[in-house]
Amino acid sequence: MTGTAAAALTVLAEANWPGPGEDTPAQLPGFVQSTFSPVVAEVANRCLAARHEAPPAPAAVADRTAIVLVSASGDLAGATQVAAAVDTDGRIGPLLFYQSVPNSVAGHVATRWGLGGPVVCRCPLGDPLADGMAQARLLIDDGAADEVLVVAVEQTRDGAEGTTHARAVLASEGERR
Amino acid sequence: MRDPAGRAGLTGMAAVSALGRGPQAQLAGGLAGAAAFRPVRRFPVEHRRVRIAATLPDAGTLADELTGVVREAAAQAGLTTAERAETPLLLAVHGHPEAARWSDVDGPGPTAGQLAADLADRTGLGGAAGVYTCACVSASSAVADAAAMIRLGRTDRVVVAAGYLVEPDQFALFDAGRALAADGVVRPFSVDRRGLLLGDGVSAVVLERVDAVPAGREVLAEVVGWGRTGDAYHVCQPDPDGAGLARAITSALGRAGIEPDQLGYVNANATGTAFSDAAEAVALRRALGPALDRVPVSSTKSVHGHALEGSGLLELVLTVLALRSGKLPVNAGYLGQDPACPLDVIVAAPRSSASGYGLTLNSAFGGANTALLVGAA
Chain Y
76 MTGTAAAALT
86 VLAEANWPGP
96 GEDTPAQLPG
106 FVQSTFSPVV
116 AEVANRCLAA
126 RHEAPPAPAA
136 VADRTAIVLV
146 SASGDLAGAT
156 QVAAAVDTDG
166 RIGPLLFYQS
176 VPNSVAGHVA
186 TRWGLGGPVV
196 CRCPLGDPLA
206 DGMAQARLLI
216 DDGAADEVLV
226 VAVEQTRDGA
236 EGTTHARAVL
246 ASEGERR
Chain U
53 MRDPAGRAGL
63 TGMAAVSALG
73 RGPQAQLAGG
83 LAGAAAFRPV
93 RRFPVEHRRV
103 RIAATLPDAG
113 TLADELTGVV
123 REAAAQAGLT
133 TAERAETPLL
143 LAVHGHPEAA
153 RWSDVDGPGP
163 TAGQLAADLA
173 DRTGLGGAAG
183 VYTCACVSAS
193 SAVADAAAMI
203 RLGRTDRVVV
213 AAGYLVEPDQ
223 FALFDAGRAL
233 AADGVVRPFS
243 VDRRGLLLGD
253 GVSAVVLERV
263 DAVPAGREVL
273 AEVVGWGRTG
283 DAYHVCQPDP
293 DGAGLARAIT
303 SALGRAGIEP
313 DQLGYVNANA
323 TGTAFSDAAE
333 AVALRRALGP
343 ALDRVPVSST
353 KSVHGHALEG
363 SGLLELVLTV
373 LALRSGKLPV
383 NAGYLGQDPA
393 CPLDVIVAAP
403 RSSASGYGLT
413 LNSAFGGANT
423 ALLVGAA
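Residue numbers (the numbering used here), protein chains in the order written: chain Y, 76 to 252; chain U, 53 to 429.
Hints listed in this document are in silico derivations from the structure and should not be mistaken for laboratory results. Take these hints with a grain of salt, some might be off.
Covered stretches of chain U, as calculated for chain Y (at least 3 residues, CB under 8 angstroms) [said to hold, decoys possible]:
{"#": "1", "stretch": "103-110"}
{"#": "2", "stretch": "143-156"}
{"#": "3", "stretch": "213-222"}
Facing chain U, from chain Y, some residues (calculated, C-beta under 7 angstroms) [claimed, not checked]:
{"#": "4", "residue": "Pro-100"}
{"#": "5", "residue": "Ala-147"}
{"#": "6", "residue": "Thr-155"}
{"#": "7", "residue": "Thr-163"}
{"#": "8", "residue": "Phe-172"}
{"#": "9", "residue": "Cys-198"}
{"#": "10", "residue": "Asp-216"}
All values reported here derive from a predicted model rather than from experimental measurement. Every residue gets a Cβ at the ideal spot worked out from N, C-alpha and C, and that includes glycine.
Next comes chain U alone, as it looks inside the complex (with noise of 0.2 angstroms):
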């Protein structure tokens, strides 16, 4: 086993949202603030009350998309046959996509550790080691869990890959939740915000320790801090008082030895919803302090609409590309200050960064809460 206190460094990544195809198709949205919500086409949605979402018109099926990533992560990175193969692969997905109509009731039916047992072997991966089902935080907790693995000199290199599709059940979910935007616009953390709106995403990283990178292979940036907590306040709503989250802010700021004042950029979690983007409002000022007030932050789910699983690693992904260059994204859809939400919004068009450090915040349903703190190299 390697000597412990690896740092991750992030070689390799790939993406596919309704901004299009690619990492730069999604940093071309983000900094455009060019919305991509569209009247869904992918299946009926005539009885349901809100009718839009964030859909990539030729998505093919979720395994297909995470292969199509996975093999263009790997191949920025410069992976050889031989380093794939002894790679392991963390996935993020909701579930397999047949599973809740499967026919033979008598059996166990197909499993999400399925999809990446095939996953890992479609793309010469070294098998699948982690597949995670908790909802918003799924992607992001793979990259925690990827990072510490990196850390603790369990494996040198690993490839995290997180997706959804827009599909007719979670739709048909959220919309009887009364959860979606009923103005068909995402508004994270302004005035007259109505609520989310789902959004293809399937991307994936290669995380590689960084004194372990062959000699002429760039490192794009590293994972530098993490922190995960629970809320312990409510079966699906977050802690008004932002405590939790707070302490997942403070524990990726402390783990990377960084202070508040170094921030250069926070791609929140807002989803668009009004008591969830208020609470993080707050648990952004508990964990920053007076810092805040010159730390920029955007939302892409504002663009990109809400993808589940997948988020995670898309918003990681954009963070990533938005440091490295320079210019940070749009926070679309914004009317006007919210006086529960002061914060220093990215609005109108995009912001430079200050510095190379950039917060990505994720929390879900039960309470669950990461924080990633990224450093461009």
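Looking at chain Y on its own, in the form it has when it is part of the complex (with noise of 0.2 angstroms):
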């Protein structure tokens, strides 16, 4: 983003997926038909767990700490099925509406960790990590969070199901603990 000359912020914990082995995420209540959703909430949750071992997170933090998703491709599994629908007089599963937008995933990370920070999702314009922590370091000096959860994921259109790798980082302007 503009004018971003502010030093790198501290990394508190990161995740990846997948992880050696892996391949297909765990299957997440209420999102369905793509694999982008459940690996946002999977490499959230490992990411969050090594911070803070199990939700909540902490009150003296929840509150303010942000979650910024950040996709070039966004659920193209699922986008995809919908125009195939669409186009073709099909029937759209109720379910569809809300994981139709990145928000819903990010909401549930939320909800699990009781996270109470912006929700802000982007489609990044140059490598997706580094637009995440942007906005991020923006947060942050804005006073509007303390901490930020970042979730860069991407989706292939491998699979009916889409093939989805993601990096979640929790980042701060402190020092790592």
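Each of the two chains sits in its own frame; use the hints to bring them together as a complex.
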């Protein structure tokens, strides 16, 4: 983002999907027909667990922890299936309604961990993680958050439910504990 | 880098919706309470339960409409070619309109980032600096970031653009989700409200550091406060206790140093959905306390529909126009007070504004909330 000459944020925790030997993410209740949201939920959980051990996040940081989700592809499998159903007058399952925007899985993570900070979803203009970290920097500098969970996620069209990979970073201004 | 604490002034704005083209058409429709919902002709809807939306009959492509509003806003702000070339663009959209039907399955497909880069190029701006895809808080999030960038001295000027044109996929999803109002009317905060209706909304604003605006150019309003929070309550439903949205409102007022009794208007998020409107009413009471009894409230979604990723900016433009005119828009479709929404809702006729401060609220799936506080110049 424009004019970001500020120092890099401190990485408090991070996680990746897939890990060695991992292929299909665990099913995420309420989210269907795509691996996008299940991967986001899994990588976010791993990252937050590395910092906070178990949900919810401590009260001292929970309300001040933002979620920034960055994806150029978005839930491509979900969008493609909706488009195909529209074009062929096929049935559209009601669960696809809220999972059509990345906010919903961000809300799932926020609810599980009690995170009350801003929820921002972006399409990156360059490196996805760098885009997310720049957003995190702005939120912190503006006083909107103290910690930011950045999740960079991309999906390709391999397989009916897509192939998704993601990286999650929990960042703040402060020192690593 | 500039000194921090820059004030973000709005120097140009443009909007199109089913109410028509240009700011004056938006204000006229809002003041008249003239709901612009009509049968959908843009794509087949015979298999949909609801077949109505607020569409602009001669709307072009999303890219063309975004180009038009950016050019118009930049022209009102009096930006020279050189000034445009050094101004970054923040864009709020759902995604690239062609992405879901891209036939090259092995290729990356078009992205919202490309849409933004193309828009910046076509309008002579200094490149895209951010693309927001967070549903109904996309536009308002972009505005908050723009104001923050100016406040922090990272830039003197930003163009924010946002757009949604009613299209088959989101329409089908909202219909499948039983979110659309089967009676064809949007009734924010009203008894017997049945849900939302979608609407076209494409807008652009120019935000500039107030003390850097050249002499002879007008600052139309200031974004004096902003707040962003999450409910941490549910995947798609708002917290009925309104705590998250209340924190966003309090944050916006606090940033501006404004007390609730100085507020002259609230342009509510209210979509006409039973539980969401009620949650927002609770949030307003939590944040504003007894002062809420004297603050007129309306949701202009009652006339222009829900423009999704474009909604926050269209509603900001309407809020600015209303405050500048001294006349506050009508909350159309109102049948009577819902005990769960005890608000001073503007019905029947526009209300005079008692102050120059107005709050515009937006909420989205995932519990995302934004509050933007504007002060009329």
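Each hint tested on the structure:
no., hint, verdict
1, 103-110, "violated (count 0)"
2, 143-156, "holds (count 5)"
3, 213-222, "holds (count 3)"
4, Pro-100, "violated, 17 angstroms"
5, Ala-147, "holds, 5 angstroms"
6, Thr-155, "holds, 5 angstroms"
7, Thr-163, "violated, 11 angstroms"
8, Phe-172, "holds, 3 angstroms"
9, Cys-198, "holds, 4 angstroms"
10, Asp-216, "holds, 6 angstroms"
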